[in-house]
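Peer 1: Please build the complex by placing chains B and C on the supplied structure of chain A, with the hints as guidance.
Residue numbers (the working numbering), protein chains in the order written: chain A, 1 to 145; chain B, 1 to 368; chain C, 1 to 506.
Be aware that a few hints might be false.
Claimed, not checked - Just some of the chain B residues that point at chain C, by a computed CB distance under 10 Å:
| id | residue |
| --- | --- |
| 1 | Phe26 |
| 2 | Ser27 |
| 3 | Arg220 |
| 4 | Leu245 |
| 5 | Trp266 |
| 6 | Glu280 |
| 7 | Tyr287 |
No lab work stands behind these hints, which were simulated from the structure alone.
Bear in mind the structure is a predicted one, so any value in this text is a computation, not a measurement.
For every residue, glycine included, the Cβ atom is placed at its ideal position computed from N, Cα and C.
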Amino acid sequence: MKRIYAREEYCLGCRLCEINCLVKRSKSRKIIKAFRKERDSIVPGIQVEEGERVSFALQCRHCVDAPCIEACITGAMHRDSESGAIVCDEERCVGCWSCIMVCPAGAVRRGRERRVASKCDLCMGESTPVCVEGCPNEALIYEDR
Amino acid sequence: MFQLRDEKDMGGCAISGIMSEEGTRFSGADIIRSIAVMHERSNGLGGGFAAYGVYPEHADRYALHIMCDHDRGVEATREYLEATFRIVHDEPIPTRQIEEIRSRPILHRYFAEVRPEIKERFYDETEEDMVVRVVMHVNADIEGAFVMSSGKNMGVFKGVGYPENIGTFFRLDEYEAHTWLAHGRFPTNTTGWWGGAHPFGLLDWAVVHNGEISSYGINRRYLANFGYHCVLRTDTEVIAYLFDLLMRKHGLPLELACKVLAARFWSQIERGDPESRELERTLRIIYGGALLNGPFSVLVGHSGGMIGLNDRTKLRPMCAARSGDMLYIASEEAAIREVCPSPDRVWMAEGGVPIVGKLRHAEATADA
Amino acid sequence: MRKWLVQPDFVVERDPERCIQCQVCVRQCANDVHSYDPEDELVSSDSATCVGCHRCATLCPTGAISIREAELEFHPNANWTAWTIRNIYKQAESGGVLLTGMGNDRPYVNYWDRMVLNASQVTNPSIDPLREPMELVTYLGRKPDQIEFDRSNGGYSVKTELATQLELQIPVMFSAMSYGSISLNASVALARAAAEAGTFANSGEGGLHRDIYPYSKNMIVQVASGRFGVDVEYLNRAAAVEIKIGQGAKPGIGGHLPAQKVDRAVSETRMIPEGTDALSPAPHHDIYSIEDLRQLIFAIKEVTHYEKPVSVKISAVHNVAAIASGCVRAGADIVAMDGLLGGTGAAPTMIRNNVGIPIAVALAAVDSRLREEGIRNRASLVVAGGFRSSADIVKAIALGADAVYIGTGALVAMGCHLCQKCYTGKCNWGIATQDPYLTKRLNPDVATRRLGNLLRGWALEIKEMLGGMGINAIESLRGNREHLRGVGLSESELEVLGIKPAGVGA
Chain A
1 MKRIYAREEY
11 CLGCRLCEIN
21 CLVKRSKSRK
31 IIKAFRKERD
41 SIVPGIQVEE
51 GERVSFALQC
61 RHCVDAPCIE
71 ACITGAMHRD
81 SESGAIVCDE
91 ERCVGCWSCI
101 MVCPAGAVRR
111 GRERRVASKC
121 DLCMGESTPV
131 CVEGCPNEAL
141 IYEDR
Chain B
1 MFQLRDEKDM
11 GGCAISGIMS
21 EEGTRFSGAD
31 IIRSIAVMHE
41 RSNGLGGGFA
51 AYGVYPEHAD
61 RYALHIMCDH
71 DRGVEATREY
81 LEATFRIVHD
91 EPIPTRQIEE
101 IRSRPILHRY
111 FAEVRPEIKE
121 RFYDETEEDM
131 VVRVVMHVNA
141 DIEGAFVMSS
151 GKNMGVFKGV
161 GYPENIGTFF
171 RLDEYEAHTW
181 LAHGRFPTNT
191 TGWWGGAHPF
201 GLLDWAVVHN
211 GEISSYGINR
221 RYLANFGYHC
231 VLRTDTEVIA
241 YLFDLLMRKH
251 GLPLELACKV
261 LAARFWSQIE
271 RGDPESRELE
281 RTLRIIYGGA
291 LLNGPFSVLV
301 GHSGGMIGLN
311 DRTKLRPMCA
321 ARSGDMLYIA
331 SEEAAIREVC
341 PSPDRVWMAE
351 GGVPIVGKLR
361 HAEATADA
Chain C
1 MRKWLVQPDF
11 VVERDPERCI
21 QCQVCVRQCA
31 NDVHSYDPED
41 ELVSSDSATC
51 VGCHRCATLC
61 PTGAISIREA
71 ELEFHPNANW
81 TAWTIRNIYK
91 QAESGGVLLT
101 GMGNDRPYVN
111 YWDRMVLNAS
121 QVTNPSIDPL
131 REPMELVTYL
141 GRKPDQIEFD
151 RSNGGYSVKT
161 ELATQLELQI
171 PVMFSAMSYG
181 SISLNASVAL
191 ARAAAEAGTF
201 ANSGEGGLHR
211 DIYPYSKNMI
221 VQVASGRFGV
231 DVEYLNRAAA
241 VEIKIGQGAK
251 PGIGGHLPAQ
261 KVDRAVSETR
271 MIPEGTDALS
281 PAPHHDIYSI
291 EDLRQLIFAI
301 KEVTHYEKPV
311 SVKISAVHNV
321 AAIASGCVRA
331 GADIVAMDGL
341 LGGTGAAPTM
351 IRNNVGIPIA
361 VALAAVDSRL
371 REEGIRNRAS
381 LVVAGGFRSS
391 ADIVKAIALG
401 ADAVYIGTGA
411 LVAMGCHLCQ
421 KCYTGKCNWG
431 IATQDPYLTK
441 RLNPDVATRR
451 LGNLLRGWAL
461 EIKEMLGGMG
471 INAIESLRGN
481 REHLRGVGLS
491 ESELEVLGIK
501 PAGVGA
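For reference, chain A alone in the conformation it holds in the complex (with noise of 0.2 Å):
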C-alpha cells in the first residue's frame, strides 16, 4: 500500500503541505478565498513538527494494526477496502477522542467546525496526495514499501 513519506534532509519547513491539505478541505477549493473565510474552521490533515535544525511534515501512518479502529467505539474509524486507508466517517464520529488518545503518532486531531476526528486520508479520489504533489521539494513521497 502507499502511503506518505518524509524526509527531513530536504524539508525546508515552508509548510506548503499544510496550505495545500487545508486547500483541499475546503468547501470553496480555492486557495484565497478558503483562507480568508474558511481558515480557522479546517484541520489540515499535516502538520510540520520543527526542532532546532530539524523539521518534517507529519500525518497519520495509516497502521496495519490500527489501535484508532481498535478504540473506536462507534466504528466511525475504518479502513477503506479500496486505498486501505484508515478514514473517519463523520456521520458516526461522536467526538470521544479515544483516537486522539490512543494514536501513536499523535496524527490525529480535533475538528474545528464540528465535534469530530480530523486526520489525513490520503486525499480519497485523488492519485497524488495533495501534500506530496505541492513540496516544492520533494520532500514528501509517496510510494509502497
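Peer 2: Chains B and C alone, transformed into the frame defined by chain A:
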C-alpha cells in the same frame, strides 16, 4: 572569363566514367555520348573531361594543361614554369570551332620534367610536392592563369558550355584513353568561368563531383594545416586534396581513405568486431576534420584507375555496371546503357562503400 | 553606525488582495525581509535587505509578491548611472572592495547575438534528426596528425596508440564550481547529472568530497593556485586533471571563498583550517613562466602514469592566442578558455566587469592561430563564459570549439536567480551556501533531474540545428565557419572572428 572568386561553387549535377581495366585505349566519343544523355542535369555553364593514357609519347613527363586570359599571363606562366621545369615540348591544345562555344581563353599544354638541379636543391621534398607547389603558385599568384591538370600521361579538358559541346570543342573523339571521366555542371551562381568547371585536377588526381559538401568550411581549414590552399572555392578541390593527403602523403590505402571520408555512424562501428571497431574509431577520432558531410557522388580518377564513392547516407545517385573488363559509373543508368546496352552486371552504389576500377598492369599511385 | 548612504536595491510589493498570511515567505527568506506580527496577525515586508532572489515570490502559493527595482530614481544621467553612484556610496561607507558574484552584468556586446546560422536549401538537403542518425559524440584529448596501421589477415589493424580521450555524448560539460563556493548537494547533483548524461563535471578548486567518489569517472579535478585538496589519490581518482591558471570572471587573481562558507566539511575537503578565508594566490607560485607550466603538466602526467588528459584553463586576455599556443606546446591535451562573461562565487566587481575579453573572439583567434601553426590536433579547445543556450553552443562549435563548459547555465537550471549575492553565503536556493538550514533547499534528486533535462533539451536543439545545416556529425561543424554569418559587426570584428557578413554567399 573571371568568376567571382568569393562565391562558392555548388557542385552539380551529372557525372560519368568509363574505364578499361585491361588498359585498352578507346576514343572519347563514347564518354561524350554518355554525358550527353544527361543533358538536362546541366545548365550549360560548365562541362569537362579527364582522360588517362592520352599522351603515350610523353608518358614520363608532366603534362601541364594551362588556361590563360591573355598573353601576358602566358608569358608569366612560361617564365615561372621554366624555373622549375625543363619544357621538352609545348603547343596549344587543339580545338575545333563550334557554334556553341563562343568565347574561350588561351589553352596551352606543356610536357615537362622537373630540373635535376631543382631536385637537388629541394632534396627534402618529393617531386610531386614540388609540382604541387608550382601549381598552387600559378593558380593563386599569376593573374589570369590557371592549371587545369598536372599529371603524367593524362589531361583535363574543361570549360564553359554543355559537356558534349566541350568534348567536341576539344576534339576528344580524336584522343584515346583507357579511363575517361566526364562532368556536366549546374552552377547556381551565374558567371561562368572556365577554371571553375569540373574535373578538378592535381597531379594524377582528377575529381568530378555531384552534390554539396556541408563540411566544406572545416575540410578547407583542415587541409590548410597540411599546406593545401584552396583557391577555387569548390568542393571538388577539397575532395582532390583530401585524397592526395590521405593516400599519397599519409600512405593510407583506398579502403582506409574511404573510411575517413565516408566514415560509418558510431552505432554501426560499435557493432563491429573489436579490431575493426578500434580501427574505425581511431580513424574517426584522428581524421574528424576530413569527414565529408553532405550529399556527394564522386568519381576520382588516377593513374591506377578510378573510384566511385557515395556519401554514407546515399543522398546522390550513382549507378555502376561491368561488361567484360569495362567498368562504367554514372549518375544515371541511362548514361551507361547509351554506350553499353547490355552489361554483365548493373547495380546502385552503396553509401560509403567505394566502387573500385583497377588497371591490371599499371604502376599505380593509389594502392587500392 | 548605520550606513545612511546605502539604500535598498529592490522594493518588495505584497498584493493585499492575494496575501493569505500563510507565512511561507517569512520562513523562506534568509535575509529577514518578511516578518509576521502575531499581535496584528499580519505579514509585512522590509525591503531594505532584499537581494532580488525571488525565493518568496516563487514559493508564495497565491503569487501575491512582486519584486521591483528600487524606486529611488536619480536625475537622468547617462554617465553617472544609478549603479555607479550606489557603488561609491557603498565604498564611502565601508572603505572596502566592491564584491559580487556570478558573471559580468555590464552591457558589452554579446557576440553570439551578432552571429547567425545557416540552413540548407535546394542545393543541399537538410537532415531530419528525428528520423536519421545525428551524431554529437565528441572526443577531447591529444590526437596525432596521421594514423599508423598494419596489414593483417586481408584487413588492416591500427598501430597508433591514441592518448586517452574523454568521450562526451554531448559537447557540453559542467564548468568548474568549487565545493565551498557551492553546497555539497549542488556539487553532487552536477557530478551525478554529468555521469547520467555521459559527459563530465569539473570539481573546481575545492577538492573532491567523498560523496562524489562514485562519479569520479566523470569528474575533471582542478589543480589551482591554492592546491586545495590536491594529493596523489585526488589526481588519480578522476578522469582528467585541469591546471587552473585563471578564470574569466577575474583574470589575474585567484579564487576567493569567504570564511563564513568554510565549514567543517569544506575545511576537510580543502585541507585548510575551518572558518578561515580561502584565498588562492594570484599566480601558481611554481609557474612564473611557460616552461614552469610544462614542468607541472608533466609532473601531473608522471603521477597519473600518462593515463589521463591534462587540461590547462586560462582566462581570455589580450594575447590569449600566444598563451594558448604556448600551453599546447607545453604539453596540454586540452586548453580551456574562460571569457569576459564567466561567472564566479565571489570576485571584486571592478575586475569581474572590466578584465578579460569576450570568449568568441578569443576562441576565433586561438583556433586560427593553432591551425596556422599546424598544431590544432594536439589539444582540444573547450570554451566557457556566459553560454546561455544551445544556439550559443552551436555557434561556438562552428567557430572552432570542441566543447563548451556551462557554469551559470547549470546553476540557473538548479534554481539560481542570479541575485549576485553568492559571496554572502546566504543563497536562498541552497546552492551557494554552506548553512545547513539553507542547503536542505536543494534536493539533489530534483537538481540532478533538472540538469539532465537541460542537457537533454539542448542536445535535441543542437541536433535540429545541425540537421538544418545538412550535417549529421558534429565533427563536420567544428571549425566550419562557413555556417556562420555576422550581423551588425564591424569589418575588423568580422576579420578577427573569421566569418563573413550576412548577405555574402558561400
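Peer 1: Are the hints correct? Go through all of them and say.
Peer 2: Now for the hints, and whether the structure bears them out:
The beta carbon of B:Phe26 is not positioned within 10 Å of any beta carbon in chain C (closest approach about 34 Å), and the interface hint is therefore violated. Taking 10 Å as the C-beta contact cut-off toward chain C, the hint placing B:Ser27 at the interface is violated, the least distance being around 34 Å. Checking B:Arg220 against chain C: minimum C-beta separation of about 8 Å stays under 10 Å; hint holds. At about 9 Å, the closest approach between the beta carbon of B:Leu245 and any beta carbon in chain C falls short of 10 Å, and the interface hint on this residue holds.
Restraint check, B:Trp266 versus chain C: the minimum CB separation of about 6 Å is within 10 Å; hint holds. Below 10 Å, beta-carbon pairs count as interface contacts, and B:Glu280 has one with chain C at about 9 Å; its hint therefore holds. Because the beta carbon of B:Tyr287 sits about 7 Å from the nearest beta carbon in chain C, less than 10 Å, this interface hint is met.
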